Amino acid sequence: MKVKRAAVVGVCLFVSICWLGAALAAEPIKLGAHTPQTGSLAKHGIEQIKGIRLGAEQFEKKTGIKVDLKVYDDESFPQKAISAVEKLAGVDRVDAIVGGYGSNLVGPASEAAERYNTPYLTIGAVDTKLSAKKFKNFFRLNYMPGYAAAQSGAIKELMGVKKVGILYNSLSATTEIAEEVKNQLTAAGLEVPVFEKFEKGTTNFKPSLLKLRDARCDIVLVEGYFADYFGTIKDAAVLSLPLKAYVGAWGIGTPEFIRELGPMSEHVYGTSVWEIGTAPPEAKKDEAEIVATYKAKYNEEPSYIGMLGYLSAKYMLEAIQRGGGATGTYNAEKTRDALRALDVISPMGRIAFDEKGDPKYFVAILFQTQKGKQVVVYPKDRSTGQVQYPAVPWKKDGEKAEVAR
Amino acid sequence: MTSLPSIIQSILSGLADGVNYSLYCLGLAFVFGIMRIINLAHGEFLVLGGYVAYWLLVIWGINPLLAMPLAAAAAGGMAFLSYHIFLQRIRTTTELNTLILTFGLSIFLANFFVECWTADIRNLGVDWLEHPLAFHGVYMSVGEIITLVISLAVVFGLHFFLTRSKAGLAIRVTAIDRDAAALAGINVNRVDLIAFSVGGILAGLSGPLLGMLTHVNPGAGVAITIKAFILTVLAGVGSVMGLVIAGMILGVGEALTVTFTNASYRELFGFTLFLAILLIRPTGLFGKGL
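Just so you know, the protein sequences line up as chains A and B, in that order.
Quick note: the first sequence, position 298, residue 300 per the numbering used here, numbers continuous.
Quick note: the second sequence, position 147, residue 158 per the numbering used here, numbers continuous.
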C-alpha cells in the first residue's frame with residue numbers, strides 16, 4: 003500500500019516538475035526593435051528589420067525558444083526613436099532592444115535605453131561620441147574609425163593621388179567620418195583643398211563640384227547617403243568632371259543603387275562591413291546559411307544592413323538566453339555580461355566589445371562596382387578582385403578619366 | 012579661387028533650378044491663390060506623378076517626358092478625389108482644418124508610396140537625356156534644357172489660361188470675391204473642385220521632371236512642399252509670372268551662395284530671403300489680387 007502511495011506521489015511529483023519545466027521553458031524571450039520604416043532612412047531601416055526578423059526566426063528554430071519580437075517604426079525622427087525605446091522598455095517590458103539607424107537617432111534612443119536599464123545593441127550608429135558616455139547598456143557592431151581607415155588606406159595605397167576633394171552631408175556620422183578621413187589624409191601628406199559640407203536634401207551639387215574642378219582635385223570623396231550619391235554623380239556627369247575616382251561612404255554600390263543608376267554606378271567605391279563572399283574562412287559556412295535562408299524568405303539577397311540586422315538579433319537573443327530570458331529569471335546584468343564576453347568570428351569578421359560597447363576588431367572593406375558587381379579591393383588581404391583605376395562612373399569603359407583641364 | 016566659367020556655370024544651374032522650382036510650386040501657389048488652402052500634400056501629388064512615370068518607364072520603357080500626361084492625370088485624379096471626398100466637407104470650417112487634413116493626406120500618401128514602391132530611391136534617368144552639352148566650357152544636359160523649356164511653357168500656359176480664357180476669368184473672379192462670383196452665376200463650388208484638381212495636375216506634370224533631374228522617393232514630397240511654400244510667399248499671391256522670377260532669384264541666390272561661401276549656407280539663403288520678404292514686403296515681390 004505504502005509502495006503504491008509512494009508511486010502515485012512520485013508520478014504526481016514527476017508530472018508537476020515536467021509541467022513546471024515546460025511552463026518555464028515556454029517563457030518567450032521578449033526582444034524589442036526600433037528602426038526607421040518610414041521617412042528619409044526607411045530604406046535602411048526596412049532592410050535592417052528584415053535581418054532582425056530572420057535572426058529571431060532562426061534563433062527560435064535552433065533553440066526551440068519562442069521569441070516575442072516587438073517592432074516600432076521610429077519614422078526617421080529622434081523623438082520617435084526615444085518614444086519607441088520608452089514604449090519597448092517601459093510598457094512592453096522587453097528584455098533587450100536591437101535596431102536604430104543613424105547616429106542622431108541612436109544617440110537619444112540609447113540614452114532612453116540606459117534610463118530603463120535595458121541592453122541596447124545597434125548596427126546603424128557609427129559616431130564615436132555615442133560611446134563616450136560609457137553607458138553600460140550600449141553596444142554596437144560597427145563604428146566610424148573602421149570606415150575612415152578603409153577609405154584613407156585605399157586612397158593612399160591604391161590611388162596614389164595628391165589632391166582630394168571631400169563633400170559631406172551635415173549629419174553627425176558623415177561629418178565625423180569626413181573630418182577623420184581628412185585628418186588621416188593630411189597626416190599622410192595629401193592635400194584636401196575642398197572640404198565642403200552640404201545639407202541633407204540638397205539636389206543641386208554643381209556649385210560644390212565646380213570647386214573641385216577649380217582646385218584641380220584628383221578624386222572626390224562623398225561622405226553621404228544614397229540620395230547624395232545620386233545627386234553628385236548625376237551632376238558630375240553633366241559637368242564632365244575630370245576626376246580619377248569617386249569614393250563614397252555607406253549605402254553606395256548596393257544592388258538597389260546599381261539597379262537605379264545602371265551604367266552610372268560603374269567604378270564607384272564604397273565601404274561596407276560585409277558583402278556576399280567576403281566572410282573570413284571560419285565564417286563561410288554561417289554566411290552561406292544566412293544568405294540562403296534570407297533569399298528563401300525574402301526572395302532577394304541580403305544587403306550588408308540586412309546581414310548586420312540578422313547578426314544583431316542573433317547575438318542579442320543568445321545573450322538574453324544566457325541572462326535567463328527563457329526561464330523567467332531574466333537578469334539584464336547577466337545579458338550585458340554575455341555580450342561583453344562575446345568573441346566570435348562572424349561573416350563580418352571578428353566581433354568582441356570593449357568596455358564602452360564599441361567593436362574592438364571592426365574593420366570595413368572598400369569595394370568598387372565593376373560590371374554591376376561589388377569587387378572588394380581593400381584591404382588587400384580581403385580583396386576579391388583588381389582595382390580599376392583611374393575610372394569614374396560618368397566615363398564610358400575604356401575612356402580615360404584624365405582629360406585636359 | 013573661383014574661376015569665371017565656374018561662376019557662369021553656377022548662375023546657369025541656378026537659373027535652371029529656379030525655373031524648375033517655379034513649376035514645382037505652381038500647383039500650391041495656384042490652389043492657395045484661388046482657395047486660400049495651403050495644400051500640404053502638394054509635394055506628395057508631385058511625387059505620385061513621378062512614380063507613375065517611373066512605373067511606365069520600368070514596365071513599358073516609356074520615356075518620362077511622354078509619361079507626363081498620365082502622371083498629371085493620376086495626380087489630378089488624386090486631387091479631385093481628395094477634394095470631393097474630404098476637403099469639400101470641411102471647406103466652410105476654420106482654415107486650420109484644411110491645413111491639418113492636407114497634412115494627414117500627405118502622411119497617408121507617403122506611406123502609400125512606401126507600400127507600393129518601397130522606400131528605395133527611384134531614378135527616371137534616360138541615357139540620351141543625361142547626355143551633357145558643352146557651350147564654351149559651360150555644361151547642361153539635354154534633359155535639363157528640355158525640362159527648362161517645359162517648365163517655362165507650363166508656367167506661361169497657366170498664365171494665359173488665367174488671363175485669356177473664360178474659365179480662367181471665372182477662377183480669378185471667384186478668388187477675388189466668392190459671393191460676387193456666385194451672384195454672377197458662377198458655380199463657386201465647382202470652381203473650387205476644378206482649381207484643386209488643376210493644382211494636382213500641375214503637381215503631377217512636375218513629377219516626371221523631378222525624377223529625371225534628381226530622383227523620387229516616398230519622403231521627397233515634404234521638401235518640395237516647403238520649397239513651394241517659400242516661393243509662393245516670395246512671389247506673392249496671384250502672380251504666376253512672378254513665380255518664375257522669384258524662382259530664378261531663389262535658384263541663382265542659392266547657387267552663388269554655395270559658390271562664394273559654403274554649401275551648408277544654401278538653405279539659410281532661402282529662409283533668410285523668405286523672412287526678409289515677409290518683413291519688408293509681406294505681400295511678396297509681385298503680390299496682388301488675382
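Simulated from the structure, these hints should not be mistaken for laboratory data.
The structure presented is a predicted model; accordingly, all values stated were derived computationally and were not measured.
Here a beta-carbon is modelled for each residue, glycine too, at the ideal position from N, C-alpha and C.
Accuracy of the hints is not assured; some may be wrong.
Partial chain A-side listing against chain B, Cβ under 8 angstroms, derived [as the list claims (entries may be wrong)]:
no.	residue
1	G41
2	L173
3	N185
4	S210
From the derived model, a few chain B residues whose C-beta atoms are all more than 10 angstroms from chain A [claimed, not checked]:
no.	residue
5	S21
6	H95
7	G230
8	L267
Violations among the numbered hints, reported as their numbers in ascending order | 2, 3, 5, 7 and 8
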